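Trainee: The chain contents come next:
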Amino acid sequence: MSSDTDTLRLAVVDDELGIRLGVTSILSDLVVDVPEVGCRVRLQVSSWADGESFLAALDETAPQIVLLDSKLPGIGGMELLEGTLSGRPDVVTIMITAYATLESAVRATKLGAYDFLAKPFTPEELRVTVRKAIHHHVLAAQARRLMEENRRVRFQFISVLAHELKSPINAVDGYLDLIRNRLLGDDLAAYGDMIERSSLRIGCMRKLINDLLDLTRIESGQRVRTLEPLDLLELARAAIEGQENAARALELDVSLEVEPGLTLQADRMELEMILNNLVSNAVKYNRQGGRVTVRLTRRDGAIELEVADTGWGLAPEEAARLFADFVRIKNDHTHDIPGSGLGLSLVKKLSALYGGSVAVESEPGVGSTFRVRLPF
Amino acid sequence: MSETTVLLVDDDADFLLQGRLQLEQLGCRVIEARSRREAVSILEGTRPDAAVIDLMMEDPDAGFTLAYQIKGRYPDLPVIMTTAVTSATGLTFEKVPGQDWIRADVILSKPVRAAQLRAELERLLGHVL
Numbered sequence: 048m049s050s051d052t053d054t055l056r057l058a059v060v061d062d063e064l065g066i067r068l069g070v071t072s073i074l075s076d077l078v079v080d081v082p083e084v085g086c087r088v089r090l091q092v093s094s095w096a097d098g099e100s101f102l103a104a105l106d107e108t109a110p111q112i113v114l115l116d117s118k119l120p121g122i123g124g125m126e127l128l129e130g131t132l133s134g135r136p137d138v139v140t141i142m143i144t145a146y147a148t149l150e151s152a153v154r155a156t157k158l159g160a161y162d163f164l165a166k167p168f169t170p171e172e173l174r175v176t177v178r179k180a181i182h183h184h185v186l187a188a189q190a191r192r193l194m195e196e197n198r199r200v201r202f203q204f205i206s207v208l209a210h211e212l213k214s215p216i217n218a219v220d221g222y223l224d225l226i227r228n229r230l231l232g233d234d235l236a237a238y239g240d241m242i243e244r245s246s247l248r249i250g251c252m253r254k255l256i257n258d259l260l261d262l263t264r265i266e267s268g269q270r271v272r273t274l275e276p277l278d279l280l281e282l283a284r285a286a287i288e289g290q291e292n293a294a295r296a297l298e299l300d301v302s303l304e305v306e307p308g309l310t311l312q313a314d315r316m317e318l319e320m321i322l323n324n325l326v327s328n329a330v331k332y333n334r335q336g337g338r339v340t341v342r343l344t345r346r347d348g349a350i351e352l353e354v355a356d357t358g359w360g361l362a363p364e365e366a367a368r369l370f371a372d373f374v375r376i377k378n379d380h381t382h383d384i385p386g387s388g389l390g391l392s393l394v395k396k397l398s399a400l401y402g403g404s405v406a407v408e409s410e411p412g413v414g415s416t417f418r419v420r421l422p423f
Numbered sequence: 003m004s005e006t007t008v009l010l011v012d013d014d015a016d017f018l019l020q021g022r023l024q025l026e027q028l029g030c031r032v033i034e035a036r037s038r039r040e041a042v043s044i045l046e047g048t049r050p051d052a053a054v055i056d057l058m059m060e061d062p063d064a065g066f067t068l069a070y071q072i073k074g075r076y077p078d079l080p081v082i083m084t085t086a087v088t089s090a091t092g093l094t095f096e097k098v099p100g101q102d103w104i105r106a107d108v109i110l111s112k113p114v115r116a117a118q119l120r121a122e123l124e125r126l127l128g129h130v131l
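Quick note, the sequences are listed as chains A and B, same order. First residue of the first sequence? That's 48 in the numbering used here, and the numbers climb one at a time after it. First residue of the second sequence? That's 3 in the numbering used here, and the numbers climb one at a time after it.
No lab work stands behind these hints, which were simulated from the structure alone. Keep in mind the model is a prediction, meaning the values are calculated, not measured. Wrong hints could be hidden among the right ones.
Claimed, not checked - Derived, one-sided and incomplete: chain A residues facing chain B with beta-carbon distance under 10 Å: (1) His210; (2) Ser214; (3) Tyr222; (4) Leu225; (5) Ile242; (6) Arg248; (7) Met252; (8) Lys254; (9) Thr344; (10) Asp347; (11) Glu351; (12) Asp383.
What the hints assert, rightly or not - Per the computed footprint, the stretches of chain B lying under chain A, defined by three or more beta-carbons under 8 Å from a beta-carbon of chain A, are: (13) 19-29; (14) 54-60; (15) 107-115.
Glycine included, each C-beta is placed from N, C-alpha and C at the ideal position.
This is chain A alone, in the form it adopts within the complex (with noise of 0.2 Å):
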């Protein structure tokens, strides 16, 4: 197994220099595997006769384990726990107590000691410790990454979503303001285009926020669930009829093949969901007299359905990115129509619940195809 090998700093502070040299010879030599995220530890030893010289090289050696003998002759093992070494959370301690005594151990441990080895101890106690410690120190570390990239990730969403929100309220404040200042002379009528914008722009947030709380439902799987048989037609045929005067409006040929007798077992306000998007895009963003067609066909163990539409289709690099979070193409063919940038999102988390997928196969100038796999 090829692992990359990592280098940690241990320091062992002990005034007996016969356990500074044992230590550094027993654990120079020491190799460690933590299979959990596949590297091998090797560790660089530094030793310090006491308490005072340790303390203040601490901040260049920057030691992640520590082994710390409790009785040193000027500042005590206890109190370097106590007072240093129990802020940093990335250093792991072992206290090496003179006698075994349960006593100074649970006092170690209340004080943010890792573990603790009893003098006199072999060199395979003394390994057998800091491979755990290691271990501890390298699976900590993970830890503190990854909810530190989670803080980054929700900080990320946030940013965007504020923008997101604060765009349509904006863009009506901005009408308001020009309506206010009566920017277009005293016609009236001439104000009207401002308040039909005002109120689209209202209606989208209003679509943002409903597809925001869909999305953190299904997230924090909060809803209740109901699967059971579901009519594909039936589920088809209602989506395509929620779209019928957009569709009108571009006058558009939708559709709607479907194999005779197809269901699933799902629940009715996920499929509709993922019909509802896809049908909805199919429709804004075609062309005049352009065409959608939906698709439900059993394939392989899954349900599959199929959207296609002869829009203004997608280069390679922004379907690439179609599926993430308030992810939405602007070009000149877009720019007007409204969305809330987490349809195709939402879709992908409402796939994913059922153990499938989706994916979009597209061609500039010609059109998209969204494909939809879901396993029964």
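Fit chain B to the supplied structure of chain A, relying on the hints for placement.
Mentor: Chain B alone, transformed into the frame defined by chain A:
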């Protein structure tokens, strides 16, 4: 004084319309662009007197890139950046050492009021509109 030409760049149709109305009210001629790319191609053949550009367009920082490109081509051209993103999202716009790449002359929070736009344009152009 000849007519002032302003390049107005925003991917939001409503902000384009509002900005155009505000600028025309000030007697400016407006050239619209809906993306950084479109703005760049306009700038190849035209030198406007000022540019009013949005920050988040095809990329979250398209406005910064565009401002950089404008200043590279026409160093003296005043650039006003407008944005709905504020400090709450962690993006800071103050002149911070190491952030000299922000080439806009001024950054305004949306919605931008007509009086504010006028004041900033007049200040940057050095004449009354």
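Trainee: Next, verify each hint and record whether it holds.
Mentor: Against the structure, the hints come out as follows:
no.	hint	verdict
1	His210	holds, 6 Å
2	Ser214	holds, 5 Å
3	Tyr222	holds, 7 Å
4	Leu225	holds, 6 Å
5	Ile242	violated, 12 Å
6	Arg248	holds, 7 Å
7	Met252	violated, 12 Å
8	Lys254	violated, 16 Å
9	Thr344	violated, 36 Å
10	Asp347	violated, 38 Å
11	Glu351	violated, 33 Å
12	Asp383	holds, 5 Å
13	19-29	holds (count 5)
14	54-60	holds (count 3)
15	107-115	holds (count 4)
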